Amino acid sequence: MISPDSITTTTCPFCGVGCTLQLHIRDQFIYKVTSPFDSIVNHGNLCVKGRFGYDYVFNRERITTPMIRKTPQKPGSRVPAPTLEDWTSITWEEALELVADRLARIYQRDGSGAMAVYCCAKATNEDNYLMQKMYRTLFRSNNIDHCTRLCHAGSVVALQMAVGSSAMSNTASEVIHNDVFIVTGSNVTENHPIIALQMKAAIEKHGAKLIVVDPRRIELVNYATLWLPEKPGTDVAVFSAMAHVILQEKLYNQEFIDTRTENFASFAESMEKFTPEFAEIISGVDRELIIQAARMYATAKNAAIYWALGIPESVHGTDNALSLINLALLTGQIGRLGTGLNPLRGQNNVQGASDAGAMPWHYPGYQRVDQEEIARKYETCWNIEPGGLNREPGLTTTEIMSAVGEGGVRSLYIMGENPMMSEPNLNHTRHQMEQLEFIVAQDLFITESAAYADVFLPAVSFAEKDGTFTNTDRRVQRVRRAIDPIGQARPDWQIICDLALRIEKKLGITQSSGWNFQDPSEVLAEMGSLVPEYRGVKYDRIEKVGLQTPVPDESHPGTPYLFRDQFPRGRGKFHPLTYIPSAELPDEEYPMILTTGRVLEHWHGGSMTRRSWLSDLFPEARMELHPTDATRFGIHHDDPVRVTSRRGTIVLRASITEKTTPGVVFIPFHFAVAAANILTIDALDPLAKIPEYKVCAVNITKVTEDELPDPGSHQPRGRY
Amino acid sequence: MTDPDVSRLLEILPVYAKQGRPALIPVLQKAQEIYGYVSQPAAAAISRALRIPLAEVYGVIEFYSLLYSQPVGKTLIHVCNDPACAVAGADGVFKRMTKTLEFHLDQDSPTREITVERAPCLGLCEHAPALLIQSPHHVIDGAYEDLVSGTSSRHRTKIGGTVSILTANCGKGHPASLEEYQQNGGYLAIQKALQVQPEAVIQEVKTSGLVGRGGAAFPTGIKWEGCAREPEYPHYLVCNADEAEPGTFKDRVIMEDDPHRILEGILIAAYAIGAEKGYMYIRGEYVYPYQVMKTALDEARKAYLIGEHILGTDFSFELELRRGAGAYICGEETALFESIEGKRGFPRVKPPFPTRKGLFGKPTVINNVETLCNIPVIIQHGAAAYRQMGTEKSPGTKLFCLSGDINQPGLYEIPFGMTLREMIFQLAGGIRNQGSFQSALVGGAAGAFASANQLDAPLSFEGLRSFNLPLGSGVITVFDDSRSMPDILLRLAHFFKEESCGKCYPCQMGTQRQLEIMERMAENRLLPGDTERLSDLAATMTDASLCGLGQTASSAISSAMRLFPHLFKIMEG
Amino acid sequence: MTEIISLTIDSIPVSVPSGFTILKAAETVGIQIPTICFHEACTSNALCRICVVEVEGARTLIPACVAQVSEGMIVQTHSDRVQRARRTILEMLSSTVDLTDSPEILAMMNDYHADPERFPESNPREFDLLDDNPMYVRDYSKCILCWRCVQVCAEDAQYTHAINFSQRGFDTRIDTFYHITLPETTCVFCGQCVAVCPTGALKPKRQWLLETGYSPIEIMSLTRSKRNGNKSRIQPERKLP
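One line per chain: the protein sequences are A, B and C, in this order. Our numbering puts the first residue of the first sequence at 1, with every later residue one more than the last. Our numbering puts the first residue of the second sequence at 1, with every later residue one more than the last. Our numbering puts the first residue of the third sequence at 1, with every later residue one more than the last.
Keep in mind that the hints were calculated from the coordinates and are not lab data. Hints are not guaranteed to be accurate.
[Claimed, not checked] Simulated pairs of lysine to aspartate or glutamate, DMTMM-like, Cα-Cα distance not exceeding 25 Å: (1) K357/B - E184/C; (2) K206/B - E180/B; (3) K18/B - D587/A; (4) K226/C - D710/A; (5) K226/C - D258/A; (6) K350/B - E204/A; (7) K301/A - D565/A; (8) K659/A - D111/C; (9) K226/C - D27/A; (10) K357/B - E498/B; (11) K277/B - E199/B; (12) K343/B - E184/C; (13) K18/B - E288/A; (14) K343/B - E218/C; (15) K544/A - D5/A; (16) K357/B - E204/A; (17) K573/A - E204/A; (18) K350/B - E184/C.
[Claimed, not checked] Quick look at which bits of chain C chain A covers, simulated, 3 or more residues with Cβ under 8 Å: (19) 44 to 51; (20) 221 to 228.
A quick note: this is a predicted structure, and the numbers were derived from the prediction, not measured. By construction, the Cβ of each residue, glycine as well, lies at the ideal position given by its N, Cα and C atoms.
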């Protein structure tokens, strides 16, 4: 038996649940992870990633010195360099000088529009705050975004429009106070495992009833009272038909509508066409199920809605989310304990990165860049001359990529993100990456995206730095350094500050915007001075238990659920809706709908989990195919198949399973050698600019074993 | 040999699937009937159909000794291994069986066709040495001599005693039919009961002073009242026919000979406590009694004695027969509930007691077969008449199972009060083969030994208690002076080690350590300190075990330590 | 509104709300009752019986982790009867299970003057170590059958039901469906079982490798087949405590 040199309490670096971890360290090596049984978020429970998936920190592919390409890269002829052979190690001094010089020169030559940065939902609030500050103050650019654009942008925009706040309205563990809850577009068991445990306990131990609305037969269906198996992309039809039933049967909450909402009449009128019959034709869901679901939700004492990316990742993602919000406003199932609207956030700090202003249209705290008095506030704080900050909203993630080229975006700084896995239509993304003049990658590994960079800046993992993450239920929690940085790797916030000072010098700026931070707590304090929701969040207050924003002052205890007295925008606003089909529907040539998502053992682009022993449990991409389709295509379990869309093709193994529905195949997007996003379509929601990851048309054909990229990696599993 | 083809099982699964988890043990038994064992694919199919996690299905198969997760012979021969059969030569039979089979089995019947196993008490102690033979289409049991003599049936059980109240219809060589039972006054008590309020029935049973006959001797009327008063419904009535205490066979005899008496007792009890559904849990080895009960139940249903609107009243009651699967512990009431619910037979922590939270977590009365057989008598003749029999503190009659070294092993019914000596030497004809009395195991494996000095103990709860003996389930297994006490003690220790469920530490490990010391004693190589170890084990098991099994697992051995201290001395040289 | 119950524990008057267990009531006055199977995150099954106490009027000793207080109850937590039972249980455990990774139980043995060699010539429960997945190893020779792992895998936390029991009585062990490897079961490798295991029977693989002498660099350099473990069993070294 060994005993630890130290045990460090910190926050899990994977999904948005924000579980408390205790890292057991011996000789600078994490050998075990536990969680205190009184931990507020997860009560000691963890999933496989949190419990065992931390070993990516010590993966031998970690880059621990700054590097530059051996062969200088030119726009148009840029080639990826995935292995060390193509790189040369240099000193931090050389690397930062080089980056500062190149960025400054491009900015001076082509202006703000040539500059763009991908911030990072895995990095801390402090890292993200500083990165957006650097781009806004030094390059006067708002071309700042991160992967929230690719996940919940539709939800965020809809919630901002309808209620004026875009986070989960409840604490996740409040699910035990639900009598009825709807889970839609979310495979909670695999993607928010600890919230799934709380949901199961709510059902099994507290008598809650679950309605699942999902095209996949997700594991939670085993616990559900009703399952509405809709066709992908038909959410507006299903949820509006529920609203139709509630209106018809007068199950709505008149008092709530009168006192807390606006625009009811035009909304109600728009719902008339959404009869259950109409919704059945569109969605394939039995009208009786829709009627039952509507009654169950409307008549519950406390009901809440939980959703994930099945709702926003659509060309009508904003409408999808609005259809859910309409339901809550109609029934008054919001603003009380155990009632509300809950977009489950996918990444450890996607909430925080958004709060910290890693967004093209907003400063930290969702304050619009195009509002004069707000810009003035930031100019004052950041020591910028009046009118100096850019009032023009910047480009979103996918727009940045599309804008690459002469007269457009010329340089890209990528902090921890992996667009070469996560963007839709990857063949197009690759082409755009090739056109960039200068790319900086700040990461742990040479990811699929970092391989395109000119300079690689080695950052540290969550275990090597201090900071804060804000989890899916708005809880700001501490991240603590448990081990020394590996090699020469440095915390992101230090890299940014060092770099910013150098860029200021290159640009001849004498009035510094302030980069001399001794500790991340000072960064959060500066952010708190600008963001009212964070004003009361101080490191000494979150030593043991995190605080849930909004925390307006230092004596405020935090906000477990939102909208008790009013909505941030005043009244909740109903939005009339019409049904719009997905951008690409199946036809003779591409007869199947492809929907994408995640699996338990992996996480997003997989740059961490594919470099962990987690990968041994789930080593290869697999396509889920319904037995009836399997028969139709003559495909057996484990057969290799080629999947082709209008944009590309991949080969992977098939799993024949009733987890998916007839006509729909599912592929997780974590795997580089069979990247689902080669197939997906880059059609965007017009408001939120989020791509339609959840629906595109594909064809499948059986191929031979030798066409598989990694035929030997098969691991039989019995889970779910 | 695995049988991956589960198509026959898949055909029948839908019927069971509707019942969910409580159908688990019945469906496993069915699967075993079809395939001889429960293969992995069969277990997986059952798991899917009944929506029970795979690991839990396996856990249940593994718990019960009559369920097999690996292939066994098509014919299974269980040779009883417990004291009454041991003194009748069970070891020799076992050796002969295995040897003969090896010798005679030719190419046409490879060895794997037959499996011979040592079994815990088969409840056929009066037919010692007893066998149970299960083959795909045939099940027989009885004395080894009867079975090998070619008659293929067992001889009649001797029914003795001084009265025949409970045994009135027993010993006739066939089960009393509904007609016969009614001719002798059967089903009049239920008619009488249905004419009064349930409270009145309970009052009558309370007045009768009847206490449970399964071993714990809890007042039956008070138990009924406790359940009847519970506001939560449904209420359940469970008849405990999981008779497995070594030396006990009384419930078996009644089931075989007079099944309607039990049914009538069940009906009255169900009416009294407000139950519309009941279960009768019959031990797995009792294949023939199960068939008799099944026939009787069908008869009763046809006669509108079971089902909707019994005898034209508002009282409706359905009874489900369940077969055990080889676990002594399931005679413990809460373990029995777990078993009906389709789980491993782990006893529950009490309180809450069954009358509050019993089967499926609902108020439940669970009564032993013999207890329920007293009910028609009490209702029909009244508590006052009932109390005329027996003693003041132990009213009524009692069935005693006599076996071992006596001339007339059998089932004896007497009013409480007769002495042990009278029972053994007058009624049961004394010691066999002119031997002399060494000891008697009173109350079964969980009971205590009586020496010659205790022969004057009156057979009543209070009488036996004054002689430091338990009444238990009414077992008297007699040993003559030629018998090796260490061998008997070793068998008892072995029995408890095999039958401990493993839930609580004192019994789980204590029964194993006790067995190891008894092994040393039987091999005459006790170690210094072994008696102290035994005492500590006994005290710990008795004081700290979770259920009655552990609390009594050292009782017989402890009594032997008191009566025969010389056995526990370390032999010199 | 909860009723207040007054009772006496080791001659100290105690008043606690009704529904309190004896264990919890004793804690309020600083009396420590030892526990083994009890865990705050798990349903109490009262199976280790180490927490038994003497309650006046009760025929047997009473498990403090589940027994609720009642008015006027008189409890002795360290009487001779109690101590004898606890000591014997510990001695039996020591003769059955490899306790080398169970410091709390070893400390308890010290407290109760339990002799680790009390039961000579006794069969321990020995099993081959199971190393069949990249996340954790299972050494059931160290398993004390506290049931916590089975419970957190089921309703106490995870609703995964990957493990249950095989055999019964002394020979019981925690097992998968037909003894298949963990990846083939419904296991999701949440490690809730590892977290509640009190004896090192379940251990994170990297911790186990570190303990068996691998350096961190060697651990991170293992081949995939070594990480995944193998189905051929490694005979565990048995050390007596």
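Taking the hints in turn, this is what the structure says about them:
| no. | hint | verdict |
| --- | --- | --- |
| 1 | K357/B - E184/C | violated, 37 Å |
| 2 | K206/B - E180/B | violated, 29 Å |
| 3 | K18/B - D587/A | violated, 41 Å |
| 4 | K226/C - D710/A | holds, 19 Å |
| 5 | K226/C - D258/A | violated, 66 Å |
| 6 | K350/B - E204/A | holds, 24 Å |
| 7 | K301/A - D565/A | holds, 18 Å |
| 8 | K659/A - D111/C | violated, 54 Å |
| 9 | K226/C - D27/A | holds, 23 Å |
| 10 | K357/B - E498/B | violated, 29 Å |
| 11 | K277/B - E199/B | holds, 19 Å |
| 12 | K343/B - E184/C | holds, 23 Å |
| 13 | K18/B - E288/A | holds, 24 Å |
| 14 | K343/B - E218/C | violated, 45 Å |
| 15 | K544/A - D5/A | holds, 21 Å |
| 16 | K357/B - E204/A | holds, 19 Å |
| 17 | K573/A - E204/A | violated, 35 Å |
| 18 | K350/B - E184/C | violated, 37 Å |
| 19 | 44 to 51 | violated (count 0) |
| 20 | 221 to 228 | holds (count 4) |
Comparing the model with each earlier hint shows violations of hints 1, 2, 3, 5, 8, 10, 14, 17, 18, 19; every other hint is respected.
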